[in-house]
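Those protein sequences? They're chains A and B, same order as listed. Under this note's numbering, think of the first position of the first sequence as 1, with each following residue one higher. Under this note's numbering, think of the first position of the second sequence as 435, with each following residue one higher.
It is worth saying that the hints were derived from the structure and are not from the lab. Even glycine gets a Cβ: it sits at the ideal position worked out from N, Cα and C. Hints may contain errors.
Some chain B residues near chain A, calculated using beta-carbon distances under 8 Å [as the list claims (entries may be wrong)]:
| no. | residue |
| --- | --- |
| 1 | Arg517 |
| 2 | Gln520 |
| 3 | Trp531 |
| 4 | Arg535 |
Label-pair ranges, simulated between beta-carbon atoms [as the list claims (entries may be wrong)]:
| no. | chain 1 | residue 1 | chain 2 | residue 2 | range |
| --- | --- | --- | --- | --- | --- |
| 5 | B | Phe448 | A | Gly217 | 47 to 53 Å |
| 6 | A | Val124 | B | Phe448 | 52 to 58 Å |
| 7 | A | Ile28 | B | Ala526 | 30 to 36 Å |
| 8 | A | Ala32 | B | Ser622 | 54 to 60 Å |
| 9 | A | Trp123 | B | Glu629 | 38 to 44 Å |
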Amino acid sequence: MTDAATSNLLLAKEAHGRNLKFYGIWLIAAIALIVLPLIFSSGGSLTSFSLIGISIIFALSYNILLGQTGLLSFGHAVHYGLGGFLAVHVMNAVAAHDWPIPLPFIPLFGGIGGLAFAVVIGWVMTKRAGTVFAMITLGIGELVASSSLILRSVFGGESGITTDRTALPHMFGWSFGSQIEIYYLIAFWLMISAIAMYALTRTPLGRICNAVRDNPGRVEFIGYDPHVVRYLAYCFAGFFAGIAGGLAAINFEIANSAYLGATQSGMVLFATFIGGTAYFFGPILGAILVTFLQLGLTNVTTVWQLYFGIIFIGIVMFAPGGIAGLVMMHRPLLRGGTLMTVIPSYLIALIPTLVLAFGVILAIETVARYTESQGGSNLINLFNVPLDATAPTTWLLAAVLVVVGALLARMTWRRIAQAWDRASSAAGDRGYLA
Amino acid sequence: MTTAIEINAVEKRFGQVSIIHDLNLRIAQRERHAIIGPNGAGKSTTFNLISGYIQPSSGEIRLNDEVISGLRPFEINRRGLSRSFQVTNVFARMTVWENVRCAVLWATGHRYSFWKNVDNLPEVRRRTTEILEDIHLTHRRDVPAGLLTYAEQRELEIGITIAGGANVIMLDEPTAGMSHAETERAVSLIRRLTEGRTLVIVEHDMSVVFGLADRISVLVYGHIIASGTPHEIRNDPKVREAYLGQEVH
Numbered sequence: 001m002t003d004a005a006t007s008n009l010l011l012a013k014e015a016h017g018r019n020l021k022f023y024g025i026w027l028i029a030a031i032a033l034i035v036l037p038l039i040f041s042s043g044g045s046l047t048s049f050s051l052i053g054i055s056i057i058f059a060l061s062y063n064i065l066l067g068q069t070g071l072l073s074f075g076h077a078v079h080y081g082l083g084g085f086l087a088v089h090v091m092n093a094v095a096a097h098d099w100p101i102p103l104p105f106i107p108l109f110g111g112i113g114g115l116a117f118a119v120v121i122g123w124v125m126t127k128r129a130g131t132v133f134a135m136i137t138l139g140i141g142e143l144v145a146s147s148s149l150i151l152r153s154v155f156g157g158e159s160g161i162t163t164d165r166t167a168l169p170h171m172f173g174w175s176f177g178s179q180i181e182i183y184y185l186i187a188f189w190l191m192i193s194a195i196a197m198y199a200l201t202r203t204p205l206g207r208i209c210n211a212v213r214d215n216p217g218r219v220e221f222i223g224y225d226p227h228v229v230r231y232l233a234y235c236f237a238g239f240f241a242g243i244a245g246g247l248a249a250i251n252f253e254i255a256n257s258a259y260l261g262a263t264q265s266g267m268v269l270f271a272t273f274i275g276g277t278a279y280f281f282g283p284i285l286g287a288i289l290v291t292f293l294q295l296g297l298t299n300v301t302t303v304w305q306l307y308f309g310i311i312f313i314g315i316v317m318f319a320p321g322g323i324a325g326l327v328m329m330h331r332p333l334l335r336g337g338t339l340m341t342v343i344p345s346y347l348i349a350l351i352p353t354l355v356l357a358f359g360v361i362l363a364i365e366t367v368a369r370y371t372e373s374q375g376g377s378n379l380i381n382l383f384n385v386p387l388d389a390t391a392p393t394t395w396l397l398a399a400v401l402v403v404v405g406a407l408l409a410r411m412t413w414r415r416i417a418q419a420w421d422r423a424s425s426a427a428g429d430r431g432y433l434a
Numbered sequence: 435m436t437t438a439i440e441i442n443a444v445e446k447r448f449g450q451v452s453i454i455h456d457l458n459l460r461i462a463q464r465e466r467h468a469i470i471g472p473n474g475a476g477k478s479t480t481f482n483l484i485s486g487y488i489q490p491s492s493g494e495i496r497l498n499d500e501v502i503s504g505l506r507p508f509e510i511n512r513r514g515l516s517r518s519f520q521v522t523n524v525f526a527r528m529t530v531w532e533n534v535r536c537a538v539l540w541a542t543g544h545r546y547s548f549w550k551n552v553d554n555l556p557e558v559r560r561r562t563t564e565i566l567e568d569i570h571l572t573h574r575r576d577v578p579a580g581l582l583t584y585a586e587q588r589e590l591e592i593g594i595t596i597a598g599g600a601n602v603i604m605l606d607e608p609t610a611g612m613s614h615a616e617t618e619r620a621v622s623l624i625r626r627l628t629e630g631r632t633l634v635i636v637e638h639d640m641s642v643v644f645g646l647a648d649r650i651s652v653l654v655y656g657h658i659i660a661s662g663t664p665h666e667i668r669n670d671p672k673v674r675e676a677y678l679g680q681e682v683h
């Protein structure tokens, strides 16, 4: 009796500690979102943060399909785009009819737009998983994207549909004309959506989604119809994608066919996969990284998509768990206290790997500049080192950097693998299995 | 008392080939019934037919007097029939605890609900804890199912099968590939867990079959040639000729 009581007490204490840690993380995230614009207050960084917030919601919604339910979609932007269009139309209607709907509620209409399409089309689409599902999403994505150019009255053709977010009723005296107010609006919806999507993973449906991902055949023999599970997951993913689209429509004050297209669908797949689908926070990391790269690289180089491709291939081949997977791999080592076994080998590998990367970048930029330098400058300004794309020495330098970097990097990577084996088996001996 | 499972004149053809023909079988409530037969006799096909994994070409299957042939596997499962698989068939990336809990959710009425916290369902937690105790995997509860040893995965397979509380349990070669000691453990586990329920079992290990079953059916080339108590089966000349040969004395 007393034993049971103490063990219950211990369990309760443990649960209490877990809860504290859990709510702590969300609280820190909320505070970070509030404080961030106070530290980086330039217009450029506010715009970046807003875009990152939107793409985090979008990537998290995509992971309901890919990571949670095991559904690979090539057309997720359809829900994002339709959410954006509905939001724009509602905003224009509110402004025209003086309806008492303030701007902060508009993303909800975006969500409804994304959800409505999922409810209508999802039942047929989710009948099968795997390749069949992927192909259908590709088809539907193209269908909707091309329809958006044809149905001019709804989608506004090439130019899209514009709106004025300040024309809506104000709330708390905010007119939402300035970027900082839009940032806080996005941050608010980011918090709500992220909590809701996390909560979803902790419900019976969320758990069964994982079961369908792992083994849909077996799910049928524990009472569940995997088709219904996939359909519900698809509807939730569509809803949150629509919220992201609605926020984008507010942010840019326009919705156009680019919102729905294959490029947008590809980007979200890219961000989610790079971040890592196995952990809830993976897509958050991926969305941050990809948005930063997108904003940063487009200013620096004309062939930025090539770098995206290289990063994607690298992740798929060497770290299929994404960034989150790489980070979480180190948890057993950290707990087992053997993390210091691998850190030195990382540092050693860093130098030749950077040499290799520099060589690859130089090679790409040289070729790109050389092939497109009609009338333009032949000078490449690489990390403040000016190089001439037509000079043989530049080509030679690139080749030497790539070859020497690759040879040395291979050796150091092997050392990482060895150090890793030692560290993980030592951690395993202490009871922390990798 | 109604029969648990009743199979009437079931036939299964794949193209021109008839795998199962004129299959008739009656399994009473709370009976432990073993289906034996040589390789390729159609034992697994019979399991797949009963559990809805494949549909019969003709004939009728009843569960607790209700026709279930033509229903989908999850519909049959909801009516109180649960089966395991010959090849281990668990949720590999989920933990042992989550594997069993998923199998408990439908039966406890939580279905597709997305408004409840799955960690805050006392009934679900209690039943999951119980099942884990029963299959001796409590100490492995936080290990991903894919990392369990083979014997542990087989036990988890049985755990998932019984977790929903179905009153008809079908086990497809539960001791296949196990060592002698593991087999004994598994048999006593099965005996205990299916207490008061109907058990249908396909098994190659004759000591398991004759030790566990109340009745045995012998399937040869998709047809049941004999059905009876272990004693009757042992002494049936047709069975001795067709299947058992000199193995059983």
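Status of the given 54 to 60 Å range, CB of Ser622 of chain B versus CB of Ala32 of chain A: Holds, at about 56 Å.
Outcome of range test on Cβ distance (Trp123 of chain A, Glu629 of chain B; 38 to 44 Å): holds, 42 Å
Outcome for the supplied range 30 to 36 Å, where the beta carbon pair is Ile28 of chain A and Ala526 of chain B: holds, 33 Å
When the least beta-carbon distance from Gln520 of chain B to chain A is tested against 8 Å, hint result: Given a least distance of 13 Å, the restraint on Gln520 of chain B is violated.
Interface hint compliance - Arg517 of chain B to chain A, C-beta minimum distance less than 8 Å: holds, 6 Å
CB-CB spacing for Gly217 of chain A and Phe448 of chain B relative to the 47 to 53 Å hint: Because 19 Å falls outside the window, the suggested range is violated.
Outcome for the supplied range 52 to 58 Å, where the beta carbon pair is Val124 of chain A and Phe448 of chain B: violated, 29 Å
Trp531 of chain B as an interface hint toward chain A, with CB separation required under 8 Å: Interface hint status for Trp531 of chain B: violated (11 Å vs cutoff 8 Å).
Supplied contact hint for Arg535 of chain B, tested at 8 Å Cβ to chain A: Holds - the Cβ of Arg535 of chain B comes within 8 Å of chain A, reaching about 7 Å at its closest.
Going down the numbered hints, you'll see the structure goes against 2, 3, 5 and 6, while the others check out.
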